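Student: In case you want the letters, here they are:
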Amino acid sequence: MSKIAIFDYGAGNIFSIKVAFERLCADVEVIRSMDNLDLYKALILPGVGNFDPAMKSIMPYKDRLLEAIDSGMPMLGICLGMEMLFERSEEGTLPGLSILAGEVVMLPRSVKIPHMGWNRLRIDASSSNSSVLLNGIEDGTWMYFVHSYHARPRDGRVVSARSEYGVEFPAVIEHGNIFGTQFHPEKSGSDGMHMLTNFLNHIKR
Amino acid sequence: MILLAKRIIPCLDVDKGRVVKGIHFKDIRDAGDPVELAKHYSNDCADELVFLDITASEEHRATMVEVVKSVARAIDIPFTVGGGIRSMDDARAILLAGADKVSVNTAAVKNPSLITELKDVFGKQCVVVAIDAKRSIRDGDGEREMESKRKRERGEIFYEVYIYGGKRPTGMDAVEWARRVESLGAGELLLTSIDKDGTKDGYDLELTAQVCKAVNIPVIASGGAGGPEHMLALFRETGADAALAASIFHYGEYTVRDVKRYLKDNGVEVRIC
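Heads up: the protein sequence lines correspond to chains A and B, in order.
Counting in my numbering, the first sequence runs from 1 upward without gaps.
Counting in my numbering, the second sequence runs from 1 upward without gaps.
Please keep in mind that the hints were generated in silico from the structure rather than gathered at the bench.
Certain hints may be false.
As the list claims (entries may be wrong) - Chain B residues, not near chain A, derived (Cβ > 10 Å throughout):
| # | residue |
| --- | --- |
| 1 | A31 |
| 2 | S57 |
| 3 | R86 |
| 4 | L95 |
| 5 | G98 |
| 6 | E117 |
| 7 | Q125 |
| 8 | G166 |
| 9 | R180 |
| 10 | N216 |
| 11 | I217 |
| 12 | E237 |
| 13 | D241 |
| 14 | E253 |
| 15 | R261 |
| 16 | N266 |
Claimed, not checked - Below, computed lysine-lysine pairings styled on DSS-like, alpha-carbon distance capped at 30 Å:
| # | chain 1 | residue 1 | chain 2 | residue 2 |
| --- | --- | --- | --- | --- |
| 17 | B | K16 | A | K112 |
| 18 | A | K56 | B | K119 |
| 19 | A | K56 | B | K69 |
| 20 | B | K69 | A | K204 |
| 21 | B | K39 | B | K200 |
| 22 | A | K3 | B | K39 |
| 23 | A | K112 | B | K110 |
| 24 | A | K41 | B | K69 |
| 25 | B | K39 | A | K204 |
| 26 | A | K112 | B | K119 |
Said to hold, decoys possible - According to the in silico footprint, chain B covers these stretches of chain A (three or more CB under 8 Å from chain B):
| # | stretch |
| --- | --- |
| 27 | 94-100 |
| 28 | 191-198 |
Note that the structure is predicted; figures quoted are calculated from it, not measured.
All C-beta atoms in this analysis are idealised placements derived from N, C-alpha and C, irrespective of residue type, glycine included.
Working from the sequences, and respecting the hints, build out all of it.
Tutor: This is the structure we're talking about:
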């Protein structure tokens, strides 16, 4: 029960996220089915691929996934993996997991898309105290983003950090045992690794 | 106001799995080890790395995939791999080994639809098109300098795309080609000035400015970096998103941190770490 599962949508490279956790000495395993989700301590939804194909691969396990979340299993969605937590996305036609209320919309046309590169986090003083992922991360810290869509949660309280790129959007989401980042912590240098460490410390407890 | 950090990107040439060009850092025991160097630059606050496979022979191709895997295990910043990527299969092998982007050059000129295929399968954020450009005169060669100057004023000088590592001219206009590769699905351009490469007297600002104006995707400028002041000029005078450099970092003349501190002091938004 000490292993972390990384769900593979079968559509992209999940090597980077896997080795990032391995660098932190976490025991990770890539899974393609969620039939045995109870064998794992936490679940990572990685950030590669497109919305519909990824949803298609996860849909058969939706009930199983919701059960695990209800039972308190910590889950971290990265980029697309976070977008899938919402009800729908402009990137696809299939419904999302609807674990969080809200939708995913395209970045404004006024900016270069995808938003690719290093951008700053904006962290409110209030959320920096209560946040699990942001423990020890300062306002203005740079993270590496690669995305064309962003979440628009119905409940703003799930947002613990934002970034700005043509529009202000949620960069870090936390709601109970559900965590999400729009950027790629596994590609964000030592600050990104620090956030993954925060996640690992959280699930150890 | 969009403020992405301007990126500083060390470039490493790899031959048969070993980094070439003299590199000597105190913290590195094996100067030719791509993993040691990748870690060094990642710790030095590089925003990204570019690995250029200059291996001439086909049989060593698989070596690069192993290099990519080892590098991906070791570092936590994005990196691009270019050189010798001719097909979807080549690109897939490199990307699945953990590279974030692949860069295509000669193969894209010879088969432009490769760019679109790469975009469709891997997403445009993975697709970098490298353009090697050299100042050329439209017709005739052996012109005297005065002649050239007059021709330039009349707009007959252009930037010509070269392939096969800068050896073969194509007759294609680099600015036109940049526009075309964008429309075909490139997510980023790696623009190298052949004239400036190795000179250390600064980037080709005119070439870079022209290409940046022509496209709406990020441009990495390459060729000519001799010091932080050249990067400052690049970011002040062109729309470049990133500055690539090799020898100034490899020979320890400047660290990435030195360059970034200088840029920050001069008002350029860079990631400090």
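Student: State the violated hints by number, sorted upward, taking the hints as numbered earlier in the document.
Tutor: 4, 5, 7, 10, 11, 13, 17, 27
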